[in-house]
Every structure is written in C-alpha cells, then in structure tokens.
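Colleague: In case you want the letters, here they are:
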Amino acid sequence: MHIPDGILPASVCIAGYAIAAPFAWYSLRQINRLKDPTEELPKASLLTAAFFIASSINIPVPPSSVHLVLNGLLGSILGYFAFPAILVGLFFQAIMFGHGGLTTLGIDAVMMGVPALVAHHIFQLRHAFRQKLGEKLATNVFAFLAGAMGLGLSAVIFFFLVITNIPSGFDAQTEQAAVYGLTLAHLPLMLIEGTFTLLLVAFLQRVKPELIERRG
Amino acid sequence: MRFELDEYAYLDSPLHRWEPRFKLIGLLVLIFAFAFIKDLRLVPVVLAIATTLYSLSRMPLSFLISRLRYPGFFLLGVILLLPFLSGETVIWQWGVLTLRQEGVLAMLLVVGRFLAIMTTALILMGTTPFLTTVKTMRSLGLPSLIADMTLLTYRYLYDIAANLSTMQQAMRLRGYGTSTRKNLPFVPDLRELGLLASLAGTLFVRSYEQSERIYKAMRLRGYGSEKFKVHPVYAGSTPSSATLRTWSGVGLVCTLLVATGLVVAEIL
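Protein chains in written order, with the working numbering: chain A, 1 to 216; chain B, 1 to 268.
What the hints contain is simulated information worked out from the structure, not anything from laboratory work.
Any given hint might turn out to be false.
Each computed DSBU-like pair below joins lysine-lysine, with the alpha-carbon atoms no more than 35 Å apart [what the hints assert, rightly or not]:
id, chain 1, residue 1, chain 2, residue 2
1, A, 208, A, 35
2, A, 132, A, 208
3, A, 136, B, 216
4, A, 35, A, 136
5, A, 132, A, 35
6, A, 208, B, 216
7, A, 208, A, 136
8, A, 35, B, 216
Predicted model only: the values in this text are computed from it and were never measured.
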C-alpha cells in the first residue's frame with residue numbers, strides 16, 4: 001500500500017513532506033526524552049529491518065495469498081520509534097524495489113506512520129483496561145484493535161489520496177463511492193491483520209514479554 | 001555483502017564524479033519538477049532529459065530494466081484501468097469495453113512522469129555509494145538518529161532476510177505447507193496464521209537479542225561519543241577538488257535551470 005512516483009501532483013507530494021515533518025519532529029523529540037536513546041537505537045533499527053522482512057511473508061488466503069502491512073504492529077512494539085522506522089523502511093522500499101517513491105515518501109510516511117502512532121496509543125490503552133478485562137484479555141483486545149486500525153486508517157488515507165488526485169474524469173460522487181467501496185473491501189484484510197497482530201503479541205508475551213513492554 | 005544499488009556506483013562518468021551534495025540537490029529538484037508537469041506536451045521532454053542523464057551515467061540499460069520489474073505491475077494496472085474507467089469522451093467501443101479519451105491522456109501523463117522520476121531516482125541512488133548518500137543527506141540536515149537507523153537497518157537487512165529464509169526452509173522440512181485440508185475461500189486457516197505469527201515473532205525475538213549484543217559491541221568501540229557519529233561529507237580543499245566543485249556547481253546550476261524551465265513551461 002504505497003503510492004508510486006508520478007501518480008500524484010508535485011503540490012500533494014510537497015504537502016506530504018510538510019505534514020510528515022512535524023510527526024517526525026515530534027517522534028524524535030519523544031525519543032530524545034528517553035533515558036538513553038542510543039541504547040534503544042540498535043534495537044529499533046534491527047526491529048525495523050525485521051518488520052521490513054516480515055512484511056514479505058505470504059499469508060495464505062484461499063485461493064490466493066496476501067502480504068501484511070504490519071504498521072499497527074510496528075506502532076505497538078516500537079512506540080515513537082515507529083515513525084522514523086517507517087521513514088527508513090519506505091526509503092529502502094523505494095530505492096531497492098521501486099515500491100513507493102522518493103517524491104511520495106512524505107505522503108507514504110503519513111499514510112503508514114500516522115496510523116502506526118495511533119496504533120501505539122490504542123495499544124497503550126490496555127493499561128487502562130487491565131483491571132476490568134484482566135491483563136491477557138486487555139492485551140489481546142488492544143493488540144487486535146491496533147493491528148486492524150493501523151491497516152484500516154492507512155487504507156482510508158490511501159484510497160482518498162489516489163482517487164481524489166489521479167488525473168481523471170471521475171465525478172465527485174463516483175470518487176466518494178470508490179473510496180467507500182475500496183475501504184469496505186479492506187474490512188476482511190483488517191480482520192486478518194488484527195488477528196495476526198493479536199497472535200504475534202500473544203507469542204511475544206509468552207516468549208519475550210519485554211519486547212511489548214518497551215516504551216518508544 | 002554489497003548493497004544491490006552499489007553495483008554500478010564506482011563507474012567513471014560525469015554523474016559519478018558530480019559532488020554528492022550538488023547531485024542530491026540538483027536531481028531531487030529535477031524529480032519534483034517532473035512531478036509538477038501536467039501538460040502532456042512536456043512528457044516527451046522529461047523523458048528525453050531522464051534518458052540523456054541515464055546515458056551520461058554509463059550504467060547499463062539492463063540495470064534500469066531490472067529496477068522497473070516490480071513497479072511494472074503498477075504501470076500495467078494504470079495502462080489497463082485508466083483508459084477504460086476514467087473520462088466521458090468515448091473514442092472506441094467494443095461490447096462493454098469503452099476506451100475514453102481523458103483516461104488515455106491521464107494514463108500517458110502518469111506513465112511518462114513515473115518513468116522519468118524512476119529513472120532519475122535510479123541515477124541519483126545508483127551513481128553514489130549508499131554510505132556516501134546517507135552522509136550527504138546528513139550534511140543537508142537529516143537528523144543523526146535517522147541516519148544511524150538507516151545505516152544499521154541497511155547493515156542487518158540481508159542477515160535478517162537470510163534468517164527468515166532459513167526458518168521458512170526449516171518449517172517446510174517439518175511438513176509446513178503440505179496440508180491437504182480444504183479451507184473456505186477467502187478465509188485463512190487460523191492454525192496456519194498462528195504458525196506464521198510465531199515465525200514472524202521468532203524473527204523479532206532473534207533480531208532483538210542480536211541488537212542487544214550489537215549495542216554492547218558498539219559501546220565497547222566508542223558508540224555514542226561525538227567521534228563515532230555519522231559525519232557529513234564536505235568537499236576537500238585540494239586543487240583537484242576545487243575544479244570538481246566548480247564543475248559540480250555548473251552541473252547544479254544547469255539542473256536547476258532545466259527544472260525551473262519545466263515549471264515555467266507548465267505554468268505558461
């Protein structure tokens with residue numbers, strides 16, 4: 001789910017960088033407030049590489065298969081490191097595979113990174129519901145919501161941007177119907193992404209709980 | 001291990017010799033000027049500029065074609081969908097298939113801009129070693145945290161990919177993927193999803209544990225002190241570097257003039 005070069009006009013690409021900049025600045029400010037940011041840096045970098053590689057895993061959905069976006073999971077685990085991690089990941093995808101692009105790096109970072117930050121806050125809500133739901137259930141519920149919302153928000157932004165900016169003769173009503181239709185078509189994918197995030201967080205909670213307790 | 005994009009980064013051409021900071025600024029401005037055009041008459045111009053720059057770089061055509069393989073699916077989608085779905089002026093009809101003029105023009109614009117930007121971006125990244133590119137971005141204001149993250153991610157990307165490949169092979173050797181169970185269409189098997197979540201989770205745990213060892217090794221080598229930061233690149237002060245800087249400056253001015261010319265032509 002990346003917008004390639006050439007599809008959006010330059011004004012939108014520049015606006016993308018302008019919107020991404022404050023999010024990057026805010027994330028870096030939060031990271032620099034950590035006790036020792038340099039200690040977290042190698043962890044965030046290797047996890048960024050691992051996310052980048054893990055997103056290439058094929059999930060069989062008969063009769064075909066899908067790739068997961070994992071931005072909700074990235075936000076849940078990396079916290080504020082998620083935004084720079086997404087910038088770095090998108091940069092590599094653009095220059096190595098031509099997936100996305102340099103002009104659309106800002107807009108793609110907003111599309112993937114802002115939902116990742118939202119997912120981080122959704123996942124943090126589990127602490128507030130720990131007493132009511134119990135630790136395990138609260139973690140599972142909010143992991144699912146973080147994963148599903150990460151993808152859902154990205155899908156809404158993606159289709160809105162592509163359909164409203166593509167140089168075409170679509171009228172406003174067709175554009176609106178297309179955005180709704182394509183977003184609804186992503187509901188099953190949101191369920192898969194949410195379930196995968198839930199299962200992965202449950203695995204990490206069993207095997208390496210400190211990974212999901214880290215604060216970005 | 002060598003980064004794929006560094007394959008032709010050590011050739012000798014005017015673009016390889018171009019001072020990295022001037023090249024980065026010049027080509028990025030040119031890329032955004034390409035994205036700015038909406039007039040179809042300018043599409044052949046931007047394609048000609050990108051082709052000229054690519055031939056000046058002396059990189060083989062096969063390299064460009066190999067980089068276009070993945071985005072080719074996007075191009076195919078644009079070519080197959082836009083002319084038939086977008087616009088009102090029908091120029092050809094056969095049954096339910098209707099070719100529309102606005103869609104064809106939009107397709108030509110998107111494909112033209114895409115090819116020109118993609119080619120120029122490849123020249124930018126392919127004619128400079130990756131480490132130099134990151135140092136150059138650092139000298140132009142990229143925060144040190146992002147520069148360090150980029151270099152560390154780049155360093156371990158292939159290791160982690162090899163790790164995943166080994167784990168996937170181990171899964172297959174233990175029988176994964178040989179199940180003959182029939183699943184409902186569009187419904188993933190929950191057990192299979194759990195296995196793949198464990199696979200990704202193991203990859204994260206291994207990477208996390210490796211990062212702890214790397215951090216300790218980096219600290220022992222002085223990481224965190226000013227001396228070990230990714231320092232920006234600046235041109236030297238020898239006579240040959242002065243000549244290089246002059247020619248690089250000329251290159252930058254020419255590129256900026258071309259980019260300005262395109263924007264002015266588009267506005268007029």
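Colleague: Now, for every hint given, state plainly whether the structure supports it.
Modeller: Going down the list of hints, with the structure as the test:
1. Note on residue 208 of chain A and residue 35 of chain A: the hinted pairing holds, with a Cα-Cα distance of about 22 Å set against a maximum of 35 Å.
2. A hinted pair counts as satisfied when its Cα atoms are at most 35 Å apart, and residue 132 of chain A with residue 208 of chain A qualifies at roughly 24 Å.
3. Proposed proximity of residue 136 of chain A and residue 216 of chain B is supported: the alpha carbons are some 33 Å apart, at most 35 Å.
4. Restraint check: the Cα-Cα separation between residue 35 of chain A and residue 136 of chain A comes to about 28 Å, which is no more than 35 Å; the hinted pair holds.
5. Restraint check for residue 132 of chain A and residue 35 of chain A: the C-alpha separation of about 31 Å stays at or below 35 Å, so the hint holds.
6. Only pairs whose Cα atoms come within 35 Å are accepted, and residue 208 of chain A paired with residue 216 of chain B is accepted, the gap being roughly 19 Å.
7. With a C-alpha separation of about 15 Å, the suggested pairing of residue 208 of chain A with residue 136 of chain A holds against the 35 Å cut-off.
8. For the given pair, residue 35 of chain A sits about 17 Å from residue 216 of chain B by alpha-carbon distance, which is consistent with the 35 Å threshold.
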